[in-house]
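Colleague: Could you slot chain P onto chain R? The hints should help.
Protein chains: 2
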Amino acid sequence: MSSGKHLGKGSSKPVLPDDGKLRLFSMRFCPYAERAHLVLNAKKVPYHTVYINLTEKPEWLVEVSPLLKVPALQLPGEKGEPSLIESLIIAEYLDEKYPQNPLLPKDPLKRAEDKILLERFSAVTNAFMKILFQSTGLDDYWLALEIFEKELVKRGTPFFSGDRPGFVDYMIWPWLERLAVIGFILEDSYNFDAKRFPRIAKLIDLLKADDVVKSFYATPEQHIEFWRGRKSGNTNYDLLA
Amino acid sequence: MSSGKHLGKGSSKPVLPDDGKLRLFSMRFCPYAERAHLVLNAKKVPYHTVYINLTEKPEWLVEVSPLLKVPALQLPGEKGEPSLIESLIIAEYLDEKYPQNPLLPKDPLKRAEDKILLERFSAVTNAFMKILFQSTGLDDYWLALEIFEKELVKRGTPFFSGDRPGFVDYMIWPWLERLAVIGFILEDSYNFDAKRFPRIAKLIDLLKADDVVKSFYATPEQHIEFWRGRKSGNTNYDLLA
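The listed protein sequences derive, respectively, from chains R and P. Count the first sequence with this note's numbering and you get residues 1 to 241, in order. Count the second sequence with this note's numbering and you get residues 1 to 241, in order.
For the record, the hints were derived by calculation from the structure and aren't laboratory data. Hints may contain errors.
If chains are identical, the list can't say which one is meant, so a pair holds when it fits in one copy or spans any two.
Computed cross-link-like contacts, BS3-like style, restricted to lysine-lysine with a CA-CA straight-line distance of at most 27 Å [unchecked claim]: (1) Lys97 to Lys154; (2) Lys130 to Lys21; (3) Lys208 to Lys150; (4) Lys208 to Lys43; (5) Lys106 to Lys43.
Isolated chain R (complex conformation):
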């Protein structure tokens, strides 16, 4: 299932080996799905990926993801082979189930503070979508990102989790990886300012060099290419296949 081809309407449901491995239903350019890939890779948990064409979804998707969402993580080792949805819930499940390379802090207060921070990240993701589909909202985007710049100053560490990447870092990374897409959409008005966001700029450099991030990385050019297609109504899901 690692050919990277996205399965769509009319496709046969893939027959996966009965090896008990987790099954991640994903889309290669979905930032939410990327969160699940990152956590699985950070944990070195072996899994099968099934990529889904989100424009023309396969009829069998409902069997593994009743709301037709990705990411969906199917657990063949559990009774009834249940599936989990919602990227943050999947990520926290994996962190609790697989203790190696722990991502969320153990302290209840620190956990809660990281979750509140991620809740506030929706201001960034909302502004991102507005830029992509309405070509407005850049100011809102920078304002929302500033919350994270300030939080890094407050925490006084290179990563949100300290000296190495953790939960917040991986959960927000997919949008940092896509910063160039904003530049593509807004062209001349795009003005990422490393002086305004020195900690975020540094975080981006550090994460780009992180093995987990590198395990599921697409270049700015690839993201732009994907969005160019999507904007023109001709989404090329298999760009990296």
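Modeller: Below, chain P without anything else, positioned relative to chain R:
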């Protein structure tokens, strides 16, 4: 602080005793705030309540809840007296911090499934708001509630958590307590059907008799009275004070 009076614009910040007790900033009729009260009461954690007038918020609210949201739970025992926001994050924090009367399951899969279920509850809360402010959306409300009816059938227990109320039960209760408000808004078209929702109907009866629910209960008439005021632009926050 238990007089129940809501503090508004121009009010002095209440001076609370330096007793280390948690401080809950709340509004008596806010269903999200009710979640925090229920968990605190379920855990028998002593706390101070400060009720906030949400129409004319006190100037000092920003000090304890920077986004001016309720519920906000301030933790005077922790360094810097931090505040937590977001009802589900507050509830999970309390459940992790205070192990007595555990509410979420310990098993990572069951925890994730309960969280996904609560994520889906937003369809109920969204439909509720639509009914309140646009007088439409009743069909959507029943459709969303049906997910919960079916889940109770699937789980085969009176409560979502088994034989006694737990996390999901207390998190959804505030909206079940307010069912009568829908009847008030929609009048003749309101058609809660206990035959369509036998498990939910039974759950409501059971929860009404639960000591934790009783510790923060308002009657249908009181909720209707509150909403009658709110709809007419004359919100009476202190109805129960």
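Colleague: So, for every hint listed, does it hold in this structure?
Modeller: Quick rundown of the hints versus the structure:
1. For the homomeric pair Lys97 and Lys154, the shortest alpha-carbon distance between copies (24 Å) is at most 27 Å, but the shortest distance inside one copy (30 Å) is not.
2. In this assembly of identical chains, Lys130 and Lys21 lie within 27 Å of each other by CA distance neither inside one copy nor across copies; the values are 37 Å within and 43 Å between.
3. Proximity of Lys208 to Lys150 under the C-alpha cut-off of 27 Å is restricted to the intra-copy arrangement: shortest distance 21 Å within a copy versus 45 Å between copies.
4. Only within a single protomer do Lys208 and Lys43 lie at most 27 Å apart by alpha-carbon distance; the minimum there is 18 Å, versus 44 Å between protomers.
5. Taking the closest pair of Cα atoms, Lys106 and Lys43 come within 27 Å of each other both inside a single copy (16 Å) and across two copies (20 Å).
Taken one by one, the earlier hints fail for this structure only at number 2.
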